[in-house]
Amino acid sequence: MAPILEVQNLQKTFGAVVAAKDINVDVEPGEIVGILGANGAGKTTFVNMVTGYLKPSAGTIKFQGRDITGLAPRKVTMTGIGRSFQVSQVFMTLSVFENLLTALAIAQSPGTSMLRPLRRPELIAECEATLARYGIADQRDQPASQLSQGARKLLDIAMAMVSKPKILLLDEPTSGISVEEKFPLMDRVMEALKAANVTVLFIEHDMEIIERYVSRVLAFYQGEVICDAPPAEALADAKVQEFVIGTEVHRETHGGTVDA
Amino acid sequence: MWRDKTIVGLTIAAVVVVVVSFFLPSWLLNQALFGFARALAVLGLMVLWRTGLVSFGHALYFGGGAYAAALLSRYYEVTDFFVLLLAGMIATTFVGFVLGFIIRRYRDIFFAMLSLAFSMILYGVLVKTEVLGSTDGFAVSSPTFLFYAPEPGDEAKQALFVALVIAGWIAAVLVQMYLNSTLGRLTTAIRDNEIRVEYLGFSAEHAIHVKYVMSAALAGAGGAFMAMSLGQVDPDSMVNWTASGELVFVTILSGPGSVAAPFIGSLLFELLRTYAVEFLPHSWQIIVGATLLIVIFFLPGGVWSLLGRLRRAEG
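Chain order of the listed sequences is A and B. In terms of my numbering, the first sequence opens at residue 1316 and continues consecutively. In terms of my numbering, the second sequence opens at residue 80 and continues consecutively.
To be clear, the hints were calculated from the coordinates, so they are not data collected in a lab. Keep in mind the model is a prediction, meaning the values are calculated, not measured. Careful: at least some of the hints might be erroneous.
[To be verified] These stretches of chain A come out as covered by chain B in the derived footprint (C-beta under 8 Å, 3 or more residues):
no.: 1; region: 1334-1341
no.: 2; region: 1376-1389
no.: 3; region: 1428-1437
[Stated by the list, open to error] Cβ-to-Cβ under 7 Å is the rule here; a few derived chain A residues that face chain B:
no.: 4; residue: Q1323
no.: 5; residue: T1392
no.: 6; residue: M1393
no.: 7; residue: T1394
no.: 8; residue: A1418
no.: 9; residue: A1420
no.: 10; residue: I1421
no.: 11; residue: S1478
Think of the CB as a built atom: it goes at the ideal place given N, C-alpha and C, for glycine as much as any other residue.
Excised from the complex, chain A in its bound form (with noise of 0.2 Å):
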């Protein structure tokens, strides 16, 4: 089967800084990657550049056999990529009801058709079938501003779900999650991804995570590609253990901070 997502070569640098070095890494469809690493390792960049937030300084991002280096967000999104945020992207000031009926809305209304009503009845079904997928419909009418953070990364993630994305990147959708909740958010959001049917990578800090979600692990450290293997195997790797496993360990320990 032809990989969906192919990145070859990429890098970025920030003037002296290299934030990813040489990342070579195909992606088949239906796969569900975790992509580990350290503050600073270059995960979030690699998203950034995959997801058009970013263009890389060098190298080729190809999504199902065409090339979409240096495109914008929009266009990217268009192609059938989908993203959601460590700090979740919401409209504050709107209510759960109205993120996800705008989210809908654009999803659906290609070109002049922007200009038909917003509060269509389909729109409004479909909107409210996402809204029990995804566990928030008892916040229907909440502004965004007022949910928990389990809920916003709900929220975020059913967004980023309505155009049917071929692939998801998900930027560690549970960090600033409580113990107690991140299993259950974490098992409504797989259930719902495999539903759809879509490509997951998502970063993640939380072993547990990783090992019970994960068909692959991506480490990363210093922008490289560390190791690339089945959960298992990676959290067994030498490198792992010492760059990324070690890290985690340190920061559970002595509370560090995730990086951006």
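Following the hints, put chain B in place on chain A, whose structure we already have.
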């Protein structure tokens, strides 16, 4: 369209205003003419404001519309109301479309000041150009309406006011329909989070460009009406930065709550200024400035928000 309560309300209000206008004294009809002409420009600014953008230079389009109509009247002796109105709108729509490619990239204070800079360029050109009337401006003929040529004076003003109410109604209904559309609803979404709008697959810049051109066309229409109402155009009262400031003042006074708000706010502004000049002829700005402070402190949602407060108090 008729399921929208705002549109029904606008329609009833327009009919009532037209009927009442036949019984208004001449001075009050004048105030209403000036107020409603300015309201068209404020309607456009309200759309921008909902997106989180404030233009300090919309006198470019207000004055531009006025001058486009006035120049056609002066040099080609066109007096037909529809042609003059269209001239004002087409000229400013074109300018707004071209400048929109630049201005849509900027936000916050940069958006505001860039708008101001463009308007001051037009002001500079007008005051230095003799054929454009220089600092004195020039007179505009009393308008005619297809085959109807009212007597200059009260009859012409009455006819112009009816036309203005109809134009205002059309503009308000179209803006209301736009605000209820997907593109229109992006106003708040863009103000809240442009990144998310981009990652939903829509260009925030494109949406802002559309709103900017719309606001330019509305300001151009307002300017053309003002030129016909005053029978005069001049750069100081129509294009200078103070004219832009007045438009922003009225936008704040009106509030962003409804497409009807600019019409109420603009009329209040005309009355406020008239009475302020009456009481303090040499320092009337103190009263106007104090009013703005009161609105900002106690009515941040503008006069329109009073209705909401009244409803809540009753219910």
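Against the structure, the hints come out as follows:
1. 1334-1341: violated (count 0)
2. 1376-1389: This one holds; 3 residues, not fewer than the three required, reach chain B with a Cβ under 8 Å.
3. 1428-1437: holds (count 7)
4. Q1323: This hint is violated: Q1323/A lies away from chain B, its Cβ roughly 24 Å from the closest one there, beyond 7 Å.
5. T1392: Result: holds, 4 Å to nearest chain B Cβ.
6. M1393: Where the cut-off is 7 Å and the nearest Cβ of chain B is about 5 Å from M1393/A, the hint holds.
7. T1394: Status violated, d = 9 Å.
8. A1418: holds, 5 Å
9. A1420: Holds, about 4 Å.
10. I1421: At about 5 Å, which falls below the 7 Å cut-off, the nearest Cβ of chain B leaves the hint on I1421/A intact, so it holds.
11. S1478: Status holds, d = 6 Å.
Taken one by one, the earlier hints fail for this structure at numbers 1, 4 and 7, listed in ascending order.
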